[in-house]
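**Q** In case you want the letters, here they are:
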Amino acid sequence: MITLFVRTIIIYLTVFAVVRLMGKRQISDMQPFDLVVTLLIADAASEPISETSMPLMYGIIPILALFLLHKSVAFLSLKSDGIRTLVCGKPVILISKGIVLEKALRATSYTLGDLTEQLRIKDVFSISEVEYGILETNGSLSVLKKDEQKNAQQSQQGKGAKRNRNRPSVLLVADGKVRDKALAAVGMDADSLTSHLKALKIRDVSTVFFACLDSDGTLNIQTKLKKGESNPKLKSMKVGL
Amino acid sequence: MMKNGSFRTMTVITITAMIISLIIIAAACILPNIIISDLSKRITPLLSDAIRNVVAGNTPASLESISRIRAIIDENKNIVMMLFDHNGIKALSYAAITAEELARINDDSQLLSVLTSITSELEFMQHSCEARLFNLL
Chain A
5 MITLFVRTII
15 IYLTVFAVVR
25 LMGKRQISDM
35 QPFDLVVTLL
45 IADAASEPIS
55 ETSMPLMYGI
65 IPILALFLLH
75 KSVAFLSLKS
85 DGIRTLVCGK
95 PVILISKGIV
105 LEKALRATSY
115 TLGDLTEQLR
125 IKDVFSISEV
135 EYGILETNGS
145 LSVLKKDEQK
155 NAQQSQQGKG
165 AKRNRNRPSV
175 LLVADGKVRD
185 KALAAVGMDA
195 DSLTSHLKAL
205 KIRDVSTVFF
215 ACLDSDGTLN
225 IQTKLKKGES
235 NPKLKSMKVG
245 L
Chain B
442 MMKNGSFRTM
452 TVITITAMII
462 SLIIIAAACI
472 LPNIIISDLS
482 KRITPLLSDA
492 IRNVVAGNTP
502 ASLESISRIR
512 AIIDENKNIV
522 MMLFDHNGIK
532 ALSYAAITAE
542 ELARINDDSQ
552 LLSVLTSITS
562 ELEFMQHSCE
572 ARLFNLL
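Chains as they are written, first to last, in the working numbering: chain A, 5 to 245; chain B, 442 to 578.
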C-alpha cells in the first residue's frame, strides 16, 4: 500500500506541475485541442498509479511528451497564423445583420436549436435582435446586438464622426505581420496602412504588436515592448477610408 | 495580478521545465537499450556455457554459470524495473532461481527448458526497446 501511496504522490506532483506550466485555463475556455491533451494526460497518469507492475516512467514519459508537444504547438501557433488556424480553427460568422447564414451553420454542424439556445444564454430571445453572431474557436457564441450597435452609432454621430460601419473591429496586424485578407476586408492596402503607421511615427510594421480597426474607424495600434520597456504604448488615430 | 517580472520568471520556469522534460525523454529513449544490451552481453555467454554443459551431461559444472547469471540479474534488477515492465525482470529473476535449484538436483530436461526461457525473455526485452516498425504499430 505504501508503494501505491508514494506512486500517487509522484504522479500527482508531475501532473500538477505540467498542468500548471501548460497555462491556467478553465475547462469552458479550452479549445477542443487543449481538452483532448488534458484528457490524454489524465489517462496517461491514471494507469501507473494503480498498476504497480508498471514502471512510473511509463506514465511520466507520455505526460512529459504531451507537455513538450503542447507547448511547442502553442509556441508555433503564436508565431504563425496558419498553424493557429490549423490547430484552433477560425471564428465563423453565423448571423450577419440579423440573417442566419445557413451555409456557415451547416459547415459548423450547429443546429438552429443550438444557436437559439446560445442566444438565450446571452439574453437574446430573437434572432432579429442580433447584428452579428460569431461562433468562436472555443465553441462559445459572441453576440453583437442591434440596439448596442445603434447606440454606438448614435454616440459616434454625437461626437461628429464622419462614418458609421456596421461590423466588428478587425485585426489588421498581429505580432508584426500584416493580415492581407483583413486589410482587403476593410478596403485598405499595405501602402495605406504603412502611411497610417508613419503618421503615428511607426516606421516598421514588424515593431507593431497589434493593430486593429474599430467599427467607428479608429485605428488602434500597440507597439511591441523593447528591451527594458515595461509599459506597452497604445496609439490611436481616425482613419478615413 | 501578475507583474511583468513574474511573466519573465514563468517563461524561464517553463523553458527550464521543457529542457528537463526533453533530457528525461532522451534518457528514457537511450538508457533502456543500453542497459538491456549490456545485460544481454553479460548473460548470453554464461547461458551458452550453462546450456553446453547441461547438453554434455555435466550439469554440476553449469551451476557456477547459472549462479553468476542470477547475481547479474539481481544486481541490475532495480534499474531494469525503473525502465521496463516489472513482470519481465521478475520472470527473469524467478527463472534464474529455478535454474539454480534444478542444476542442484540434476534435472537436466527441466533445466534446459528454463535456460531457454531466460534466453527468450532477454531477447523479448531487447526487442521491445528497439525503435522498429512493428514495435511502433
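Careful: at least some of the hints might be erroneous.
[Stated by the list, open to error] A few chain A residues that face chain B, going by a derived Cβ cut-off under 7 Å, partial list only:
id: 1; residue: V23
id: 2; residue: P59
id: 3; residue: A69
id: 4; residue: L70
id: 5; residue: L73
id: 6; residue: K231
[What the hints assert, rightly or not] Residues of chain A placed beyond 10 Å of chain B at every Cβ, according to the derived structure:
id: 7; residue: Q35
id: 8; residue: L82
id: 9; residue: V96
id: 10; residue: V243
No lab work stands behind these hints: they were computed from the structure.
Yeah, the Cβ is synthetic: ideal placement off N, Cα and C, and Gly gets one too.
**Q** Indicate, hint by hint, whether the structure satisfies it.
**A** Hints versus structure:
1. V23: violated, 12 Å
2. P59: This hint holds: P59(A) lies near chain B, its Cβ roughly 6 Å from the closest one there, short of 7 Å.
3. A69: Holds: closest Cβ of chain B sits about 6 Å from A69(A), inside 7 Å.
4. L70: For L70(A), the interface hint is violated, since the closest Cβ of chain B sits about 10 Å away, which is over 7 Å.
5. L73: violated, 10 Å
6. K231: violated, 12 Å
7. Q35: holds, 19 Å
8. L82: Per Cβ check, L82(A) is outside 10 Å of chain B; nearest 12 Å; holds.
9. V96: holds, 32 Å
10. V243: holds, 31 Å
When held up to the earlier numbered hints, the structure conflicts with 1, 4, 5, 6 and fits the remainder.
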